[in-house]
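**Q** One-letter residues, chain by chain:
Number of protein chains: 2
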Amino acid sequence: MTAYAQLIRHLQETDHLGAAARLLQWDQETGMPAGGESHRADALSTLAKLIHERTVSAEFADLAAKATARASGPDESRQMELVNRDLDRARKIPSRLVEETTRATSLAQQVWARTKREQDFKTFQPHLEKVVELKREEGSLLAPDTGTAYDGLLSDYERGMDTSDWTRLFDELERELPGMVSEIVERQKSTAERLDGIAALKGPFPKDAQMELNRRLAEALGYDFGRGRLDLSAHPFSETIHAGDSRITTRIDESELTGSVYSTLHETGHALYEQGLPEELAGTPLGMYCSMSVHESQSRLWENLVGRSDAFWQELWPVACTACPALEQVAMEDWIAHSRRVKRSLIRTESDEATYNLHVLVRFRLEKAMVLGDLQVADLPGAWNEAYRNMLGIEPPHVGLGCMQDVHWSAGLFGYFPTYTLGNLLSAQLYRSAAKAGATSDRATLLSWLRANIHAKARRFETPDLIEQATGERPTARYFLAHLRSRYLG
Amino acid sequence: MTAYAQLIRHLQETDHLGAAARLLQWDQETGMPAGGESHRADALSTLAKLIHERTVSAEFADLAAKATARASGPDESRQMELVNRDLDRARKIPSRLVEETTRATSLAQQVWARTKREQDFKTFQPHLEKVVELKREEGSLLAPDTGTAYDGLLSDYERGMDTSDWTRLFDELERELPGMVSEIVERQKSTAERLDGIAALKGPFPKDAQMELNRRLAEALGYDFGRGRLDLSAHPFSETIHAGDSRITTRIDESELTGSVYSTLHETGHALYEQGLPEELAGTPLGMYCSMSVHESQSRLWENLVGRSDAFWQELWPVACTACPALEQVAMEDWIAHSRRVKRSLIRTESDEATYNLHVLVRFRLEKAMVLGDLQVADLPGAWNEAYRNMLGIEPPHVGLGCMQDVHWSAGLFGYFPTYTLGNLLSAQLYRSAAKAGATSDRATLLSWLRANIHAKARRFETPDLIEQATGERPTARYFLAHLRSRYLG
Chain A
1 MTAYAQLIRH LQETDHLGAA ARLLQWDQET GMPAGGESHR ADALSTLAKL IHERTVSAEF
61 ADLAAKATAR ASGPDESRQM ELVNRDLDRA RKIPSRLVEE TTRATSLAQQ VWARTKREQD
121 FKTFQPHLEK VVELKREEGS LLAPDTGTAY DGLLSDYERG MDTSDWTRLF DELERELPGM
181 VSEIVERQKS TAERLDGIAA LKGPFPKDAQ MELNRRLAEA LGYDFGRGRL DLSAHPFSET
241 IHAGDSRITT RIDESELTGS VYSTLHETGH ALYEQGLPEE LAGTPLGMYC SMSVHESQSR
301 LWENLVGRSD AFWQELWPVA CTACPALEQV AMEDWIAHSR RVKRSLIRTE SDEATYNLHV
361 LVRFRLEKAM VLGDLQVADL PGAWNEAYRN MLGIEPPHVG LGCMQDVHWS AGLFGYFPTY
421 TLGNLLSAQL YRSAAKAGAT SDRATLLSWL RANIHAKARR FETPDLIEQA TGERPTARYF
481 LAHLRSRYLG
Chain B
1 MTAYAQLIRH LQETDHLGAA ARLLQWDQET GMPAGGESHR ADALSTLAKL IHERTVSAEF
61 ADLAAKATAR ASGPDESRQM ELVNRDLDRA RKIPSRLVEE TTRATSLAQQ VWARTKREQD
121 FKTFQPHLEK VVELKREEGS LLAPDTGTAY DGLLSDYERG MDTSDWTRLF DELERELPGM
181 VSEIVERQKS TAERLDGIAA LKGPFPKDAQ MELNRRLAEA LGYDFGRGRL DLSAHPFSET
241 IHAGDSRITT RIDESELTGS VYSTLHETGH ALYEQGLPEE LAGTPLGMYC SMSVHESQSR
301 LWENLVGRSD AFWQELWPVA CTACPALEQV AMEDWIAHSR RVKRSLIRTE SDEATYNLHV
361 LVRFRLEKAM VLGDLQVADL PGAWNEAYRN MLGIEPPHVG LGCMQDVHWS AGLFGYFPTY
421 TLGNLLSAQL YRSAAKAGAT SDRATLLSWL RANIHAKARR FETPDLIEQA TGERPTARYF
481 LAHLRSRYLG
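Line by line, the protein sequences are chains A and B. My numbering puts the first residue of the first sequence at 1, with every later residue one more than the last. My numbering puts the first residue of the second sequence at 1, with every later residue one more than the last.
I should point out that these hints are in silico values taken from the structure, not numbers from a laboratory. This structure is a prediction, so every number in the text was calculated from the model and none was measured. Some hints could be false.
It does not matter which identical chain is used: a pair holds within one copy or between any two.
[What the hints assert, rightly or not] Listed next, the in silico SDA-like pairs over lysine to any residue satisfying Cα-Cα at most 25 Å (straight line): (1) Lys436 <-> Thr284; (2) Lys49 <-> Glu280; (3) Lys207 <-> Ala323; (4) Lys116 <-> Phe225.
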């Protein structure tokens, strides 16, 4: 057995522990009885520790050094580049910090779920403070020489981009988006009033019918249920347990259908990417998705570019009405108009494709300030409300609709929100290139184009390079803004 | 941190890997997409390897030695006795034998699954011979000084009992049971004919209604759904993922209701035991259930002693009819009589409480004879059929319904079948003591009695001692036979 083969085996075994941790996590979100909370947190913490120990073990470092010296061909070289990058990262973070973060975030997420319902920020606050403190420490350890703790966290999610790239993209959006949103809202005024008067859009849409519809739509995008499943959870997500098992979840509100439909299309987009990764590289760094942003570009492409188009509903309307008969009371044109309503709203996950990035902008500014110590966690609710007033012209009535709406921060995901916006920008950029290549005429052809240009390439390239290969350009906000203009102001 | 505290932590961390493995397994049986099969098997195999490595590591042996030297108080001493027992066991069995047995049983199970379908004992025979030979060797290594190889295997499942104890119990059953079964079958003849003619007992009982009924029944026994859940699987089982999360499954056949009801009551009985174990000892040998037999006594007590009683259905019949309206077509008295039908049948897992132990008796005699060399594997089919003729008065038409029906022997489980029967005997012995203490008037009081006398004691005592503390007597068949007499011949 060569050193490289031994290394691959070691990586795959570590990923088996990862698979176990992902299933423990998936189960915690979908069906674990509440009584298991603290023991589940302990089990997850031990797994994270063992994974970390394997990753920083002398045995693994030794194998990596030997395999690096003899790596041959571009795949082996890239594999070793990624392995050595992870090794460097792991060397920087002590296992004490890894364990503490796992325990703190697992607990904070559980407390978040409860206190969000009770609109009780005070009880949640010390948990979030602990998480911010731990992430600040982590960010400082990861930061490039001249960078801040927030740079460190950002670079952890997106290698090819530095803070100035991010600032440039967000500034570009901030210049154009608020005005564009005002224009769209004005343009949609009479349609909006008309849609508000349509009782059939308010359901009830029974849970089982919604689930059936969601299953049909996921299938229509090309999702393989033989290698996945659809469940309910408080916050929709997608998770790959291991190759051959990429799961999605949704949530149901019987008085509203677009919520579950578009979250399902979104998570299906993520899962399609996972189902398209090369199985022969499974369990290794090279076999993973390129980046969070590219992942989000896949979910957004299917959710927005495809899922809110006329062509999509013209084809799938009969299927939708069969699965969810309450839709028969709705005119297809109204449904499409309804799916494209632009509204200044409080909840990011329910926001439309035009205002969405304003929600992210708020989070980008606030999380950066918290990590850098410019904003105290205690002051978060007030700062949040002020930012929403400024950016969206509305203010949350309570923290459940305000700064406690997302699970992310309690899960320690700082530096993660910006990747959502980059994903949105890339979805439009990729879709435009697929269209130019004639690959948007039907969903199967579009999926093949994405399989060839994005999925099959796994993690062989950094985001900007992968995007340049697929579209001929580095990441830009241009096509996203053009898409909004064409769909909403055309 | 004391050596003892370090040891406990090591044990708990190993159990966290166990928890992950148990969830991967539970998920595989309940909802994993088929595409995940081979990667799931790889993940489970890696976890088993890592758990084994931790258990036989020099670090752990060293910790155990230090902790043993300083153990103080009965709990620490008993904890160390159990830890050292596992270590001694591992030292007695050379890894060559462990590996050979793993390979032989893995192969034998695969061959068994195929040859059982094809009713081909000849092809299976050399594989079973190999397993018997290896288990004989293992039994000799585990046997006490004056004991046989079969004593060694029996003691691996049940420490406090030797072969003469087992022989005494089975002899007692053999003297009384066959005659008693004849008498019961004769007594039930006209009722059986009448029940066969009742169409409503053959359903259909829709799946959702059965699940609702099973949920209500589990709750009625005291099962805490806040620390568990009920799902579907091909074969019903109960599994504790970790403390606070003890799950059960059932299977549904819409043409038959007693199958899912009694398997649910059975698995609920197992889970009630798990939910009653002291949480502060979780993840350590001392915090586990006492033995396989005591576990089975809990499932059988709720399934048979409680679940087939008049009082149980008199109270729960309205609940059952509400959950499963198809039951309204059935008279309660017929349902109870139906749940108590005694039939001489070929398949152990489908047999009633009166004939069940005759099935085990056959297996006890035959596996003992095979391990001791008194019966050649080649002669097993003939010996099996003869034993069924003598014991149950019926003969299997082929080996698939005969000596090849159970997976146990191909999996190397020799000495395991007897624990099923001991569990049945103990269920009656315990129920009778609870009744004498006035604890059987309602289910909550009965559960409290079991919590105090069995569950809370975890693995502090060996089976015969635990039973003597709870009932004032060593394990005996007397109360089980008395129960059958009273219920079926009273």
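**Q** Next, verify each hint and record whether it holds.
**A** Verification of the hints:
1. Lys436 <-> Thr284: Classified as neither: same-chain Cα gap 34 Å, cross-chain 63 Å, threshold 25 Å.
2. Lys49 <-> Glu280: between (27 Å within a copy, 22 Å between copies)
3. Lys207 <-> Ala323: Both: 11 Å inside a chain and 20 Å across chains, each within 25 Å.
4. Lys116 <-> Phe225: between (33 Å within a copy, 23 Å between copies)
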